[in-house]
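Order-wise, the sequence lines are chains A and B.
Taking the numbering used here, the leading residue of the first sequence gets 9, the next gets one more, and so forth.
Taking the numbering used here, the leading residue of the second sequence gets 9, the next gets one more, and so forth.
Any given hint could be a false lead.
Identical copies go unnamed one by one, so any copy, or any two together, can satisfy a pair.
[Unchecked claim] Using 30 Å as the maximum straight-line C-alpha spacing, the simulated DSSO-like pairs for lysine-lysine come out as follows:
(1) K28 <-> K220
(2) K197 <-> K28
(3) K302 <-> K92
(4) K85 <-> K257
(5) K204 <-> K162
(6) K28 <-> K193
(7) K116 <-> K28
These are computed hints drawn from the structure, not numbers from a lab.
Protein chains: 2
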Amino acid sequence: MSLTVVGSVAFDALETPFGKRDRLLGGAATHFSLSASNFTDVRCIGVVGNDFGDGEWAVFNRHNINTDDIEVVADGKTFFWRGKYEYDLNTAHTLDTQLNVFENFQPKPSEESKNSRLLFLANILPMLQKEVRESSNAEFVAMDTMNFWIDSMKDAVIETVKVVDCVIINDAEARQLADEPNIHKAARKIMSWGPKAIAIKRGEYGAALFTKENYFAIPAYPLESVFDPTGAGDTFAGGFMGYLASQEKIDESAMRRAMIYGSVMASFNVEEFGTERVDRLTHDEINQRFSDFKQFTHFEEIPFERASSAA
Amino acid sequence: MSLTVVGSVAFDALETPFGKRDRLLGGAATHFSLSASNFTDVRCIGVVGNDFGDGEWAVFNRHNINTDDIEVVADGKTFFWRGKYEYDLNTAHTLDTQLNVFENFQPKPSEESKNSRLLFLANILPMLQKEVRESSNAEFVAMDTMNFWIDSMKDAVIETVKVVDCVIINDAEARQLADEPNIHKAARKIMSWGPKAIAIKRGEYGAALFTKENYFAIPAYPLESVFDPTGAGDTFAGGFMGYLASQEKIDESAMRRAMIYGSVMASFNVEEFGTERVDRLTHDEINQRFSDFKQFTHFEEIPFERASSAA
Numbered sequence: 009m010s011l012t013v014v015g016s017v018a019f020d021a022l023e024t025p026f027g028k029r030d031r032l033l034g035g036a037a038t039h040f041s042l043s044a045s046n047f048t049d050v051r052c053i054g055v056v057g058n059d060f061g062d063g064e065w066a067v068f069n070r071h072n073i074n075t076d077d078i079e080v081v082a083d084g085k086t087f088f089w090r091g092k093y094e095y096d097l098n099t100a101h102t103l104d105t106q107l108n109v110f111e112n113f114q115p116k117p118s119e120e121s122k123n124s125r126l127l128f129l130a131n132i133l134p135m136l137q138k139e140v141r142e143s144s145n146a147e148f149v150a151m152d153t154m155n156f157w158i159d160s161m162k163d164a165v166i167e168t169v170k171v172v173d174c175v176i177i178n179d180a181e182a183r184q185l186a187d188e189p190n191i192h193k194a195a196r197k198i199m200s201w202g203p204k205a206i207a208i209k210r211g212e213y214g215a216a217l218f219t220k221e222n223y224f225a226i227p228a229y230p231l232e233s234v235f236d237p238t239g240a241g242d243t244f245a246g247g248f249m250g251y252l253a254s255q256e257k258i259d260e261s262a263m264r265r266a267m268i269y270g271s272v273m274a275s276f277n278v279e280e281f282g283t284e285r286v287d288r289l290t291h292d293e294i295n296q297r298f299s300d301f302k303q304f305t306h307f308e309e310i311p312f313e314r315a316s317s318a319a
Numbered sequence: 009m010s011l012t013v014v015g016s017v018a019f020d021a022l023e024t025p026f027g028k029r030d031r032l033l034g035g036a037a038t039h040f041s042l043s044a045s046n047f048t049d050v051r052c053i054g055v056v057g058n059d060f061g062d063g064e065w066a067v068f069n070r071h072n073i074n075t076d077d078i079e080v081v082a083d084g085k086t087f088f089w090r091g092k093y094e095y096d097l098n099t100a101h102t103l104d105t106q107l108n109v110f111e112n113f114q115p116k117p118s119e120e121s122k123n124s125r126l127l128f129l130a131n132i133l134p135m136l137q138k139e140v141r142e143s144s145n146a147e148f149v150a151m152d153t154m155n156f157w158i159d160s161m162k163d164a165v166i167e168t169v170k171v172v173d174c175v176i177i178n179d180a181e182a183r184q185l186a187d188e189p190n191i192h193k194a195a196r197k198i199m200s201w202g203p204k205a206i207a208i209k210r211g212e213y214g215a216a217l218f219t220k221e222n223y224f225a226i227p228a229y230p231l232e233s234v235f236d237p238t239g240a241g242d243t244f245a246g247g248f249m250g251y252l253a254s255q256e257k258i259d260e261s262a263m264r265r266a267m268i269y270g271s272v273m274a275s276f277n278v279e280e281f282g283t284e285r286v287d288r289l290t291h292d293e294i295n296q297r298f299s300d301f302k303q304f305t306h307f308e309e310i311p312f313e314r315a316s317s318a319a
């Protein structure tokens, strides 16, 4: 019942139609850890600069996230991203990226991190993901990636895909990675390289889980206002992996519930800026939305029988 | 247990990445009627020209669809549409539209049609939809529309929306009609004009049902190959309304199952050109996919309990 994540810890500057923030705690590993910490003990592997302050560490500490493997580069600055969302909130436009200490990030997992039962490789250079995976004794390993790596080094991405159990990516990334427009064929092609499960994130349209034998799909949690989608994918992955870490058996049934918990966590994340909403979540709130999911997807299974003479 | 539809009966010429056909039986009322005929007795109101032949009538007759209210204009030609789909099959590009006898279509519902228990107003001029609705004694009336009418005569569309029980449209049309990008807010706004239900079609992403008190959403039936999406929306509506016509009570529970049956019917429609697949469907095939829906959306409702000391 432990989970390690490797990925970015960052500062984000954001502009959405609803407001603007100059410096928010962000990064894939941050969003993932916070989300997963609701379900299990989390260890985070990353790197930050000397501008990472008490307020930021406090967020990790508050959620009992182990930060022993977050390296602090004394003469460096933390990874910084500035982005802007237009009216529809679907597309983030990058205005500025300063890699800073992240540019030469070399993950150094401790023995404890190597011995975590689960491992998540957040979106970083695929060769680094592979290194961390190969140093780990985890029973279940999942990875994310992004269009940037698929464009520039698809072979390296595929080499990493080959050594994980589960790929958690979005719709467009799956199609691009498999070079196949049909998502069902794309998922099967990716699984043919090794993974036994593919979790596809579809934003406001929900999510789908492909395994060798089964298919599972859910709509998104209904939200009347989406405030800031930054980190939603990592928050989903954190709920998914965190829930799995809490389960004795990682089987189809657990993975289906993990998909729901992932979606629930993502639904909270987008309601406020950055990590603000997830930072103060309660278990009751989480379980309430899990239960809502059952409610708004339920239907009675009554096969149709034609009564009319016209049958 | 009867259902009347008013709308287009047409010939389609289609080009998709998978093939080409010069003359297929098509039109919204055709796709709707064929789909609905699997569940109930259907009456179709429309107009055709002298080019509508024995082969076309045979399709209606085979499914026991009453065509008494399909007017035949002896010196006219049937509505003709030529379209092309690109690689992703999401967008139909219109290459040619010949309204022909449809240009001056004046629906003439018989007494039997007026007394149908359910009525569907397929996508035609909103003023005609309203006329047919007002001449009808139906207990439950649903309508479709399209971006063309919302662009050119939104007020007339809204006047029709006000007098129906249910609106069955796609995602983009709902946002456009309500002038509201968030689909949940858009649905509530449309319901504020009168309808008690809005069924939103999302193509490969599934469908959602909004009622005053409830929300229900489903993914689409998983398909590895989509051949021709023409008529999928009308086939969905036919399954939805046809199933409701077979039920004694049109309540939330029946509408949820109707959403599944609508999705099942649409999933068959897109597998082959035009009406070909739906024309030879069996009840067992339909019920099998209904049952598949239960399978691929099912998850166990087990609330999460934190076991760790870190809670």
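Outcome of the hint check:
1. K28 <-> K220: Neither: 44 Å inside a copy, 34 Å across copies.
2. K197 <-> K28: Intra 41 Å, inter 28 Å, cutoff 30 Å: inter-copy only.
3. K302 <-> K92: Classified as neither: same-chain Cα gap 34 Å, cross-chain 40 Å, threshold 30 Å.
4. K85 <-> K257: neither (41 Å within a copy, 65 Å between copies)
5. K204 <-> K162: Within one copy only: 20 Å inside a chain, 50 Å across chains, cut-off 30 Å.
6. K28 <-> K193: Answer is between: at 24 Å across copies they meet the 30 Å cutoff, but 40 Å inside does not.
7. K116 <-> K28: For K116 and K28, neither the intra-copy (35 Å) nor the inter-copy (58 Å) Cα distance is at most 30 Å.
Hint check: violations occur at hints 1, 3, 4 and 7; the rest are consistent with the structure.
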